[in-house]
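**Q** Each chain, letter by letter, is given below.
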Amino acid sequence: MRTYLTFLLRCFRLSFVGDYRYYAWMFFLTVLVLFGINAYCKQLVYGLATTGMTDQVSWGFYIANFTFLVGMAAAAVMLVIPVYIYRNRELHDLVIFGELFAVAAIIMAMLFVTVDLGRPDRFHHLLLRFNFPVSMLTWDVLVLNGYLLLNLHICGYLVYCAYRKREPSKYVYIPFVFVAIVWAISIHTVTAFLYSGLGGRPFWNSAVVAPRFLASAFAAGPAFLILTLSALKHFTTYEVPAKAFMTLRNTVAIALSISMFLLGSEAFTEFYTNSSHVASATYLFLGLHGRTALVPWIWSAIALNSLAMVLLYLRKLPVLQAACVMLIVGIWIEKGMGMIVPAFIPTPLGEIVEYLPTRNEILVTVGIWAAGLLIYTILVRITVPVLSGRLTYDQPFVAARDPALFAPHPSSEGVVR
Amino acid sequence: MKDLQIWNGPSTSASHVEPELTRRSFLRTGAAAIGGMAALAAALAPLRELASDEMPNLDQFLQKHYKEMSPAEMEQALERIRNKVEERYAVRPHLRDVKPMEGVEFAYALNLSRCIGCRKCVHACVAENNQSRSPEIQYIRVLEMPRGTLDVEKGNHHYDRPTVPNADHFYLPVQCHQCASPPCVKVCPVEATWQESDGVTVIDYDWCIGCRYCEAACPYWARRFNFAKPNLPKDQLNPNMSYLSNRPREKGVMEKCHFCLHRTREGRMPACVEICPTGARKFGNVLDPKSEVAEILRTKRVFVLKEEVGTLPRFFYYFDERYPNTLDPEALAIAARLREEEGDSYGCLPGAAGPRRDFIAAAKPAWWIGENA
Amino acid sequence: MNQPTTFQPATTPTRAPGWLGWLLPIGFVCLAAVLFNSSTASDIPLAPSRTFDKSTLIVGPRRVAMQDPPTVQIEGRPQSCNGCHQIFTSSHPGGAALNFHQDLVLHHGLNNRCVNCHDTADRQKLTLRDGATVTFAETPQLCAQCHGTVYRDWQRGTHGKTLGSWVTESQAQRRLSCNECHDPHSPKYPSYVPLPGPNTLRMGDQSAPVHPEHSGKQNPLQRGFNKPASDRNNKVTPDGVHP
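Residue numbers (this note's numbering), protein chains in the order written: chain X, 141 to 557; chain S, 5 to 377; chain W, 788 to 1030.
Heads up, some of the hints might be wrong.
To be verified - Computed, partial: chain X to chain W, Cβ under 10 angstroms: (1) Tyr160; (2) Phe175; (3) Asn178; (4) Lys182; (5) Gly339; (6) Tyr495.
If you're looking for bench data, these hints aren't it; they were derived computationally from the structure. Here the structure is a predicted model, which means the values were calculated and not measured. Glycine included, C-beta positions come from ideal geometry on N, C-alpha and C.
Extracted from the complex, chain X is given alone in its bound form (with noise of 0.2 angstroms):
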């Protein structure tokens, strides 16, 4: 217990050790998220009405950035399949860096949920009256902390055997693999759910939403995580083979294409009917009455989708991030902005209010993505010398001394054995 103790302090203690860059990043993070504070004080005393949503758009880019986030943190399943399964050992290493970053996801994800609240002080009625199984609400919250809890487990165990320097048993960690690999799926399903079930709102309303929503997730996570690796080769000397990334690659591929299918599948069947169900899709696509500000977006979130499925064919590492930015910008306006407010525009009733969102809920939205940037930089910061076997129990902790992760740039070090 006591070493337990040791290791979360060292923890703490490492997490502020780091060189220039490090905190001008970290530094950079902690503005955004007093900025993003202070946006939600100011939220939380004029109330929901300082952001853009209304009556008519009753949930906006908090539920957006949250959707597009619960999709992110179920991608890390797509490191441990292959490890997990096709017992890829070479990738092992780096399924803790999809873990963690599922654990950063699924946090930011339920940070936007809170926020979104009108109420948050009334939290705890949600464990006094729980309307479950019949609300997908509830659903969503017993799995995304489970996820959470579930993620947890499997990285602290490993970790903290890497910094116990023994060997992790397989039953303390191997069940809960598997389970998360099938919950990873939940998540997002349930997430869809949400949506899908509501006869109310006719664009949500079609079976095609869970499995537009997986596949998007599928494109995005593993997207991030390349990105994510590449700046680990970039700034540290932990070496990602690069097998990761073309295995990465090829999931985001493949992911990406059924998720372009799915939307064009999704689009033939509004247009092609042409009922009056098409006019949300009408609104998103071509503009409802003269009302045209979601076009430029949808139609932009298409080009960036398409330009990098067709720069992730070429297979070049430089193109493939591009590529990966490209990607998770043109998924997050398709499935946040794109999914969520088409659904609010015509009202039931057939109004049409625009949304757009305010100063303030940018605000919040930035401070909510810097601090799960903070907490995921955290995480790495701490995972990675551990994993390098340069912090374990059995060695002094001495902070300004630890070169594992920040070593100055690569071109200039030699190689010392």
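Starting from the known structure of chain X, arrange chains S and W on it as the hints suggest.
**A** Same frame as chain X, but now just chains S and W:
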């Protein structure tokens, strides 16, 4: 060492430990920590604008769900609300918890041939139910629909004419239909909304967490959210309140039409029904065969909106046999022509024969099969 | 998992200048100043609520029905109908060019004569088709002669207005009589000035005309109308009939 070394390089000997803490680094770390705390405090600064009655309150925190409160706990909650209303509005309200009547299930019928779109129902509801005036919350939305369609997308919510009704249009007011299979009740994660035995779907304003899932789920756009602190002028407060209906709400909770249950559960009519000048709105106990709504459901061709969604609303619309709001154009044309031709010597007196009756007889349409054909 | 990944530590460390480390606390203090001084006013665009004449929301019958026995106000005093009509003969049994009762507008479908409804012998009564009379308190029976279906609905409660209570046949329930809504001489229900429409948060400019989109196909229903598509606001109501 003049330069600060954040990283000292690899040590040649594991036992050589560089001193971690110098005075400068201690001061610097301390300054960063204090600066960070100051920044955090500044970030939290807007919270000082919170009004005193919006501060977290232990009583409200521990208050139970409506269905779980004992009568004593309910009285305690009511007393707390009375005090709060008195403090904010300087009026002692008549606040109580009104229970449903036995053997009563409400239904609502709306005669679309009689609604003229005057919107008195909208504003009577606002006057009765203590909604926020700024931003303005209205439970009822009246649509001006062109003739021949029920596609609400073709409706106009924002008509602003010198007079209503507008020719070739009919008016479709929509409010909460208190559906028998309510999607809003299905999706609420904390069971803050449910349907009572008399058919009214109610909200416990002290239990709602403001997630707005119900607002997304409603196919009739009937639910409203308090995005800002409700702004109700003191002189417009209606002191006749009940716990589940029109007591003043706070920011961050949902609200909607509740069939004025503080009135209807005591036999009175909802505000919208009472104010409607044409009698287009009908309300009553559908289980009573002699009530107006039962008569309407039996004798008129009623329909509901968006029946395909399966919500089973208890709000029925119907058209009467006359075309709304205009006289029959044929009769008008005949009357005008008769006045022109015959002056004032035509009439409907029996036995008045002559050219005008033949004229009227001749004006019958070709398909008329009757005695005087 | 347990083989530590090999790493190659560099030989040349990064040397950051000492003052760089002070940027952090200075940055925080600046941030604190910025945050503290940032506006705490809400920038919610709250449109002022529109006012209207609150007397339009008073509950009650739209018009006061003629009492039984009927009276008219002559020089501020109520006078019974027979008071004049038993002394003077009516100059005109028709509906036009009256010397008195000029405030009345007779616009009741095909009826153009007062005597269609008013009894010639006793002006305090109303006349039915078969010559029988009813009092002014039984006005619905007169209306029922021509408007039988409406009368049937009115009896059931499905036409017309009820005040007071929904409880059937309770003391508080009051059904309004025909002429408490309809002026018998000009019974068409009048037009009203509509009360203000919705004014919700951030609703934007809602005055734009709605162009129905049918992808080039015309709705057969619209063929029967020669009128243009509905115009949204502030146009005169072309209903062609005035009370």
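**Q** Return the numbers of the hints above that this structure violates; sort them in rising order.
**A** Going through the list in order, the structure violates hint 5 alone and respects the others.
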